[in-house]
Amino acid sequence: MGNQSGLHLWIMRAAYVLICCAFLIFHLIPIAPSATLAFSPDMILCLTLAWVARRPEYTPILLIALTGLLADLLLSRPPGLWAALILVLSEYIRNRSRRIRTAGFFWEWVRVSAGIAVIFFANRLALGVLLLDVPPFRASLMQYAATFAMYPVLVAVSSVAFRVSYPDIGDTQSDKARA
Amino acid sequence: MANGRTNSEDYYRPIRRLLIGIIVFVLILLTLVWRIDSPRVERFRMAVIDRVVPNFEWAMAPVTLTLKIVRDFQSYQRIYEHNQELRRELQQMKAWKEAALQLELKNARLLDLNNVRLDPDLTFITGVVLTDSGSPFRKSVLLNIGERDGLREGWAAMDGIGLVGRISGVGQETARVLLLTDNSSRVPVTIQPSGQTAVITGNNSSTPLIDFLEKPELVRAGDRVVTSGDGGVFPPDLLVGQVVEDRQGRLVVRPAADFERLAFLRILRSAPPSPIVEEHDVIIDQFEGLGG
Chain V
1 MGNQSGLHLW IMRAAYVLIC CAFLIFHLIP IAPSATLAFS PDMILCLTLA WVARRPEYTP
61 ILLIALTGLL ADLLLSRPPG LWAALILVLS EYIRNRSRRI RTAGFFWEWV RVSAGIAVIF
121 FANRLALGVL LLDVPPFRAS LMQYAATFAM YPVLVAVSSV AFRVSYPDIG DTQSDKARA
Chain C
1 MANGRTNSED YYRPIRRLLI GIIVFVLILL TLVWRIDSPR VERFRMAVID RVVPNFEWAM
61 APVTLTLKIV RDFQSYQRIY EHNQELRREL QQMKAWKEAA LQLELKNARL LDLNNVRLDP
121 DLTFITGVVL TDSGSPFRKS VLLNIGERDG LREGWAAMDG IGLVGRISGV GQETARVLLL
181 TDNSSRVPVT IQPSGQTAVI TGNNSSTPLI DFLEKPELVR AGDRVVTSGD GGVFPPDLLV
241 GQVVEDRQGR LVVRPAADFE RLAFLRILRS APPSPIVEEH DVIIDQFEGL GG
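Heads up: the sequence lines are chains V and C, in that order. For the first sequence, position 103 matches number 103 in the working numbering, and the numbering has no gaps at all. For the second sequence, position 82 matches number 82 in the working numbering, and the numbering has no gaps at all.
I should point out that these hints are in silico values taken from the structure, not numbers from a laboratory. Only a predicted model underlies this, so the values are computations on that prediction, with no experimental measurement involved. Yeah, the Cβ is synthetic: ideal placement off N, Cα and C, and Gly gets one too. Treat the hints with care, as some may be off.
These stretches of chain C come out as covered by chain V in the derived footprint (C-beta under 8 Å, 3 or more residues) [what the hints assert, rightly or not]:
hint	segment
1	18 to 26
2	49 to 60
3	174 to 185
Away from chain C, derived, C-beta distances all over 12 Å, residues of chain V [stated by the list, open to error]:
hint	residue
4	8
5	15
6	25
7	64
8	96
9	99
10	101
11	103
12	105
13	114
14	118
15	121
16	159
17	165
Bound conformation, chain V alone:
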């Protein structure tokens, strides 16, 4: 049993990385370079937060950091900055995952979207401090709205397709992994 659950854990971790890669591929497909719509939610961020809130053991910090860094490198963003912000936010959510779980989905959504807003703002601030091009405010706002709207969809998809939902109380496997 213990062996099998260990295997399952690693399968789910691999699934996390694979889904992130799938999002990256989707971002990189040359459909129409000029029309890279302003409406492009940050799916990796959503996915990470949704999984961290539900099954923190599937998304170890090192994995989040590496995936974030890979995304930064491939999508020609300042390398490391966004990854660090994702990591900090995911850690905030991880530490409150029990409280979030008892409060219900609506409050989870509120909390997560507030967190996303904070790191979007922090990102703009950091870009400004580093004297880099800060993206136009409208575009950031559109992206924020898209990300925020995408969160419940990703939560639904990951609970249906990957069975990533809150563990039952007394679920020894997840409690053990958490401890």
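Add chain C to chain V, keeping to what the hints say.
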């Protein structure tokens, strides 16, 4: 049982916090290093892209193919309209062809008269677009040619007709092309009939702005915009596009290149301007040149 768990958590938490602190610190340090010594980190980025993107190819190919099929199918639906349109265009093109032939003859005669030798350095390599930038804030594409094919940073990229951008990152097998429309793209140009120089500034829209224009009143919508060759980055006289006026009355360029369908790009081999090593050498050379 419960006690034991909290104990282990107490023991575990500070280590965990330390670990997170270290990772975040490293990531932010990476950003700072990138900001300070951008070329080195960019080289690292290109190396990662070089390693990763060709592996994605197999996953991308079917999706790209499906999209193409869907697009082709859509175009079948409008095939009659297209046919009519093409016929009309063909008529116009015949007239143009006639004009072009005459001009070619005339040009050949004039070149002959002037005894002009065309620049043999201006040859090109063609690459296929692998991926686009993937973010709404950056406009760039990735090509399947790189250092292996002798590519250098800064070379101009064109589609069949107009300037598309420049090489801004070369890996072993891939290279990134920063498009004209990117926020950080600046291209020195000449606006044709009036001969004024200006700089084209990308602003992430499909029509980059014309900046640093001395006498805007001499420029009209419809004027041709070509590269001026100032600064030695681009060869001169590459077609960029046409001047148009946008809704706010600003002068912008509508690029001649078709940014909707970037499939193949030509990279012009431009000879690098000879570097100035020591100043007095150049001056002496010039004096010698004057003397001789």
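Query raised in the report: Would you say the segment 18 to 26 of chain C counts as covered by chain V, given the rule of at least 3 residues with C-beta under 8 Å?
Result: holds (count 5)
Query raised in the report: Hey, does residue 103 of chain V actually stay past 12 Å from chain C on C-beta?
Result: The claim holds: residue 103 of chain V sits with its nearest Cβ about 21 Å from chain C, beyond 12 Å.
Requested in this report: Measuring Cβ to Cβ, find out whether residue 8 of chain V lies farther than 12 Å from everything in chain C.
Outcome: Per Cβ check, residue 8 of chain V is outside 12 Å of chain C; nearest 21 Å; holds.
**Report entry** Beyond 12 Å from each Cβ of chain C, as asserted for residue 96 of chain V
**Finding:** holds, 14 Å
Report task. Determine whether the non-interface label on residue 121 of chain V survives the test: each CB of chain C must be over 12 Å from its CB. Result -> holds, 16 Å
Requested in this report: Confirm or reject the coverage of the segment 49 to 60 of chain C by chain V under the rule of 3 or more residues with a beta carbon closer than 8 Å to the chain's beta carbons.
Outcome: holds (count 6)
Requested in this report: Could you let me know if the closest chain C CB is still more than 12 Å away from the CB of residue 165 of chain V?
Outcome: holds, 23 Å
Query raised in the report: Taking the minimum C-beta separation from residue 105 of chain V to chain C, is that value above 12 Å?
Result: holds, 26 Å
**Report entry** Interface-negative label, residue 99 of chain V against chain C, beta-carbon threshold 12 Å
**Finding:** About 16 Å separates residue 99 of chain V from the closest Cβ of chain C, which puts it past 12 Å; holds.
**Report entry** 12 Å Cβ clearance of residue 101 of chain V from chain C
**Finding:** holds, 17 Å
Report task. Hey, is residue 15 of chain V genuinely clear of chain C, shortest beta carbon separation above 12 Å? Result -> It holds; residue 15 of chain V is separated from chain C by about 16 Å at its closest Cβ, greater than 12 Å.
Query raised in the report: Taking the minimum C-beta separation from residue 64 of chain V to chain C, is that value above 12 Å?
Result: Residue 64 of chain V not clear of chain C: closest Cβ-Cβ about 9 Å, inside 12 Å.
In summary, the numbered hints that this structure violates are 6, 7.
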